[in-house]
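Protein chains: 2
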Amino acid sequence: MRLLILSLLFVSTFAWFYGRDEPDRWSVGGVWPLPQKIIYGSKNRTLTYDKIGIDLGDRKDCDVLLSMADNYMNKWLFPYPVEMKTGGTEDFIITVTVKEECPSGPPVHGASEEYLLRVSLSEAVINAQTVWGALRAMESLSHLVFYDQKSQEYKIRTVEIFDKPRFPVRGIMIDTSRHFLSLNVIKRQLEIMSMNKMNVLHWHLVDSESFPYTSEKFPELHGVGAYSPRHVYSREDIAEVIAFARLRGIRVIPEFDLPGHTSSWKGRKGFLTECFDEKGEETFLPNLVDPMNEANFDFISVSENVNRKTFNLLVQEFLEEVTETFPDQFLHLGGDEVNDFIVECWVRNKKIRKFMEEKGFGNDTILLENYFFEKLFAIVEKLKLKRKPIFWQEVFDNNIPDPNSIIHIWKGNTHEEIYEQVKNITSKNFPVIISACWYLNYIKYGADWRDEISGTAPSNSRYYYCDPTNFNGTDAQKNLVLGGIAAIWGELVDNTNIEARLWPRASAAAERLWSPAEKTQRAEDAWPRMHELRCRLVSRGYRIQPNNNPDFCPFEFDEPPATKSEL
Amino acid sequence: MRLLILSLLFVSTFAWFYGRDEPDRWSVGGVWPLPQKIIYGSKNRTLTYDKIGIDLGDRKDCDVLLSMADNYMNKWLFPYPVEMKTGGTEDFIITVTVKEECPSGPPVHGASEEYLLRVSLSEAVINAQTVWGALRAMESLSHLVFYDQKSQEYKIRTVEIFDKPRFPVRGIMIDTSRHFLSLNVIKRQLEIMSMNKMNVLHWHLVDSESFPYTSEKFPELHGVGAYSPRHVYSREDIAEVIAFARLRGIRVIPEFDLPGHTSSWKGRKGFLTECFDEKGEETFLPNLVDPMNEANFDFISVSENVNRKTFNLLVQEFLEEVTETFPDQFLHLGGDEVNDFIVECWVRNKKIRKFMEEKGFGNDTILLENYFFEKLFAIVEKLKLKRKPIFWQEVFDNNIPDPNSIIHIWKGNTHEEIYEQVKNITSKNFPVIISACWYLNYIKYGADWRDEISGTAPSNSRYYYCDPTNFNGTDAQKNLVLGGIAAIWGELVDNTNIEARLWPRASAAAERLWSPAEKTQRAEDAWPRMHELRCRLVSRGYRIQPNNNPDFCPFEFDEPPATKSEL
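These protein sequence lines map, in sequence, to chains A and B.
Using UniProt numbering, the first residue of the first sequence is number 1, and each one after it goes up by one.
Using UniProt numbering, the first residue of the second sequence is number 1, and each one after it goes up by one.
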């Protein structure tokens with residue numbers, strides 16, 4: 001049929017309705033995100049799936065590469081529900097050469113993801129510094145494969161690619177406190193992330209609402225704070241997620257948000273301050289750490305009495321356990337929206353007021369916040385396993401961050417406001433990560449990744465165009481921009497809807513954070529590749545929603561009949 | 001665990017964060033939509049699943065009831081992933097008595113759905129006029145069943161219910177032109193509809209973008225107009241949907257939108273007019289029927305010449321085929337947004353201008369529209385299988401509808417504007433169906449079913465509160481309100497996201513259209529029942545999204561690892 005003939009559809013004879021793209025405008029063998037350099041050959045080559053081999057060279061025992069070979073050769077290179085040609089005399093070997101040894105841990109910050117990929121009519125060659133680079137190359141290679149409806153064959157485009165990411169941090173933030181997410185669902189997002197060459201899962205584990213993280217040292221935290229005993233992640237669950245992420249070149253950065261957003265830590269007596277309404281009644285749920293309870297974090301002074309000892313060293317011991325659980329060298333400690341709780345929980349709390357007077361803080365709650373953060377910084381500095389702390393921007397905006405901190409930007413109603421903050425924070429020499437451009441939980445009707453659509457800020461739509469270094473600053477400042485993390489806060493998101501809501505909207509962030517800015521200036525040029533990506537991932541079995549008005553895929557996603565939940 | 005003890009949580013000691021509902025505020029054995037009359041007993045009874053029987057009395061051969069018994073006894077009464085107690089000496093029989101014979105076809109408009117349901121400690125008794133009433137009763141019965149975490153048993157609440165719907169039309173509109181929907185996905189929506197006691201699937205089959213309906217008489221329509229040969233519904237597919245819907249008490253009303261939104265009929269030469277841009281160039285895609293081509297609908301005058309004969313009688317013959325395919329006595333023929341295409345396709349078309357002069361219409365395109373509709377009404381009137389036509393409101397607003405028509409309201413930025421239209425149209429004695437309150441494709445961030453949230457109109461959020469008879473009019477006028485159809489237009493919706501986007505937002509419409517208005521005035525009272533419904537349906541395997549800020553279900557939805565698409 002006419003509509004199914006795959007061709008590069010960049011010219012349209014008619015304006016489609018309402019100025020929309022034609023429903024079948026997709027690239028053929030387009031790579032997402034766009035590589036640094038890509039030169040297509042003029043010919044394509046037919047692929048016969050049982051005549052393709054992969055040669056891992058010296059690294060044939062590396063679990064990361066073995067997992068990669070298994071995934072791509074058996075599932076992702078040939079995703080469409082078509083009868084596949086087999087046999088014949090063809091041979092096509094994918095030769096993978098990786099310089100560095102197979103790493104035992106997850107990717108470290110700044111690890112090379114660079115690769116060279118050459119596909120000729122006779123073979124494919126991948127050269128990379130690290131296994132992570134090989135993973136990225138293999139994903140690119142899979143994007144070159146297409147199904148030719150006319151000849152009913154899989155084909156691969158010939159190409160030469162040199163590629164590496166623009167930013168070292170390209171992530172997704174999930175929130176498992178507002179709604180619980182299953183391991184299956186988290187793993188599916190990790191797979192889709194890897195298909196978008198994203199390398200960071202920022203796991204906002206706990207918040208006011210629930211405490212699904214299981215602490216061995218302080219089991220009362222999840223015991224009281226989890227939604228239910230079914231709504232928890234065991235240490236084994238977390239290890240499973242980290243291992244799964246590693247095989248796909250993804251680091252897992254945990255967040256334990258302090259000192260606000262802590263109501264779900266309520267299982268720990270004395271950890272939170274009491275909060276009061278205007279009449280002085282205790283009707284507000286405690287949601288802020290008690291900074292005067294030295295036992296909450298004082299690791300220097302040994303407890304003065306037995307009673308105190310029982311909950312001594314909480315933050316320190318808790319964070320020691322966290323670092324044993326999460327190997328990543330970054331550790332996110334929150335720090336956001338403390339001011340939202342200060343009036344109820346600190347200003348109206350007589351004991352706190354007295355403590356502030358004693359300490360000479362007067363009425364200045366910022367000084368009390370600083371007092372808390374200083375203690376926290378000292379704890380982080382002395383952790384047995386060294387960690388670089390990340391804080392939400394308020395710690396920069398209102399407090400005095402540890403100079404070793406990374407600042408995480410989440411505010412800003414417009415791109416310009418966001419750029420202004422990046423400029424400001426990097427001018428003070430702090431590395432930054434940006435989420436404000438990509439608050440994907442905020443939904444709007446339309447192609448919000450591309451079009452101006454009013455609605456809840458930050459991010460304010462058009463997030464394909466939000467470019468973190470688009471500010472007037474020095475090269476040194478721009479080098480402090482580590483990248484971005486698309487956030488999908490959990491208030492209205494759970495297992496039922498997270499995947500379709502994230503993708504392909506987060507793919508817009510993935511391209512912005514990987515590809516050269518100068519080659520990715522127009523969403524209308526990106527769309528055919530994003531469309532092909534959507535269709536490829538739909539056929540791999542992922543729930544990638546339409547994102548650009550009416551369209552279709554050669555092969556659609558389907559949903560089997562309902563079966564009872566097992567969770 | 002404290003949080004898991006099921007109890008009626010209508011009192012909260014603390015204000016939850018940001019004024020949100022507590023995450024575990026759900027009813028226990030609450031019925032959705034709220035019945036006309038419901039009186040709970042004080043005791044609950046334990047249910048042991050292999051000791052429950054169902055007695056269908058005289059109707060034990062009725063396929064509708066057999067399917068019902070199969071669904072509820074084997075799947076829906078006991079959805080949770082828990083070990084079920086079995087054995088013992090208990091007996092609990094559900095006795096179903098239906099007055100009318102088993103119908104061979106789908107529900108007819110206005111068929112009784114009334115039922116009586118009594119659950120005592122020893123038995124359940126269902127009395128209904130029709131099998132449709134029995135289906136509604138069985139769904140209510142299933143809502144009375146809950147899992148008691150404390151005793152780890154299923155229990156059922158004792159109750160007496162008298163129930164019947166407020167409106168005869170309570171539907172969902174799906175759009176399979178902008179995006180294709182699979183049979184699996186359509187069937188899943190039909191099941192969830194039945195769990196919300198909805199009884200109408202309005203199937204907007206074709207539109208400008210694609211023509212997935214397969215006509216046997218005019219195969220060129222889908223042959224050229226479908227997205228691809230995979231993106232079509234065969235006659236067998238449609239029969240399967242109708243049969244599946246019937247077993248769940250749902251009618252299927254097809255829509256073939258005329259004379260605008262018709263570009264995808266392009267396979268039929270001469271059916272559409274040519275359209276022109278300002279410069280007179282033919283750059284606009286044709287999207288409007290050619291009203292001067294008598295052959296398009298003239299079923300009286302036999303064609304004057306052979307050439308004309310080749311496309312004679314299109315609309316008439318096409319609609320005869322449609323009525324053979326869809327048994328419902330209603331037939332939706334669109335009529336919306338003709339004005340959007342008139343300038344390009346009629347005003348700027350010289351042949352049309354000449355035709356208008358010849359007919360004495362001058363420059364008045366409304367007269368040309370009327371000319372088209374008159375011909376269409378005449379065709380509908382002479383159809384072999386009689387059909388009551390439904391038209392979108394423009395046919396009332398701009399034209400002269402056939403007095404036999406039902407008017408379908410889709411415009412209005414506020415509830416008040418919508419009520420004003422209902423008042424106006426019913427004052428002219430036309431029956432109405434309302435969709436304007438429930439344009440569920442328009443998404444906004446937040447609990448839009450309940451809260452005022454700005455965004456794309458119509459429906460303008462708070463759709464739980466949109467009450468179709470909330471206007472100053474006579475009883476006769478109010479009786480002309482047939483009900484409502486929640487619409488989910490397909491621009492940004494396909495198999496990947498339709499289910500979570502529809503539910504439980506459409507459940508708000510379902511309650512508004514079924515339950516007594518005076519008992520359903522406050523969304524905050526409805527929420528615990530909607531929450532319990534969400535959790536019950538999640539456990540049955542449906543993708544019912546969070547809709548009220550942080551919450552959880554005792555048992556959550558899960559998504560298995562991805563497998564390749566089969567579609």
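Hints in this document: simulated from the structure, not taken from any laboratory.
Worth double-checking, as some hints may not be accurate.
Same chains, same label: a pair holds when it works inside one copy or across any pair of copies.
PhoX-like mimics (lysine-lysine), calculated; alpha carbons at most 20 Å apart, straight line [what the hints assert, rightly or not]:
{"no.": "1", "residue 1": "LYS423", "residue 2": "LYS43"}
{"no.": "2", "residue 1": "LYS478", "residue 2": "LYS428"}
{"no.": "3", "residue 1": "LYS43", "residue 2": "LYS375"}
{"no.": "4", "residue 1": "LYS155", "residue 2": "LYS428"}
{"no.": "5", "residue 1": "LYS155", "residue 2": "LYS564"}
{"no.": "6", "residue 1": "LYS187", "residue 2": "LYS428"}
This one's a predicted model, so the numbers in the text were calculated from it and none came from an experiment.
Verification of the supplied hints:
1. In the homo-oligomer, the alpha carbons of LYS423 and LYS43 never lie at most 20 Å apart, since the shortest distance is 46 Å inside one protomer and 66 Å across protomers.
2. Taking CA atoms no more than 20 Å apart as the test, LYS478 paired with LYS428 passes inside one copy only; the shortest distance there is 12 Å, against 67 Å between copies.
3. Proximity of LYS43 and LYS375 under a CA criterion of 20 Å is satisfied in neither setting, with 63 Å inside one chain copy and 55 Å between copies.
4. Taking identical chains as interchangeable, the C-alpha atoms of LYS155 and LYS428 are never at most 20 Å apart, the minima being 52 Å within one chain and 63 Å between chains.
5. For the homomeric pair LYS155 and LYS564, the shortest alpha-carbon distance between copies (19 Å) is at most 20 Å, but the shortest distance inside one copy (40 Å) is not.
6. In this assembly of identical chains, LYS187 and LYS428 lie within 20 Å of each other by CA distance neither inside one copy nor across copies; the values are 37 Å within and 58 Å between.
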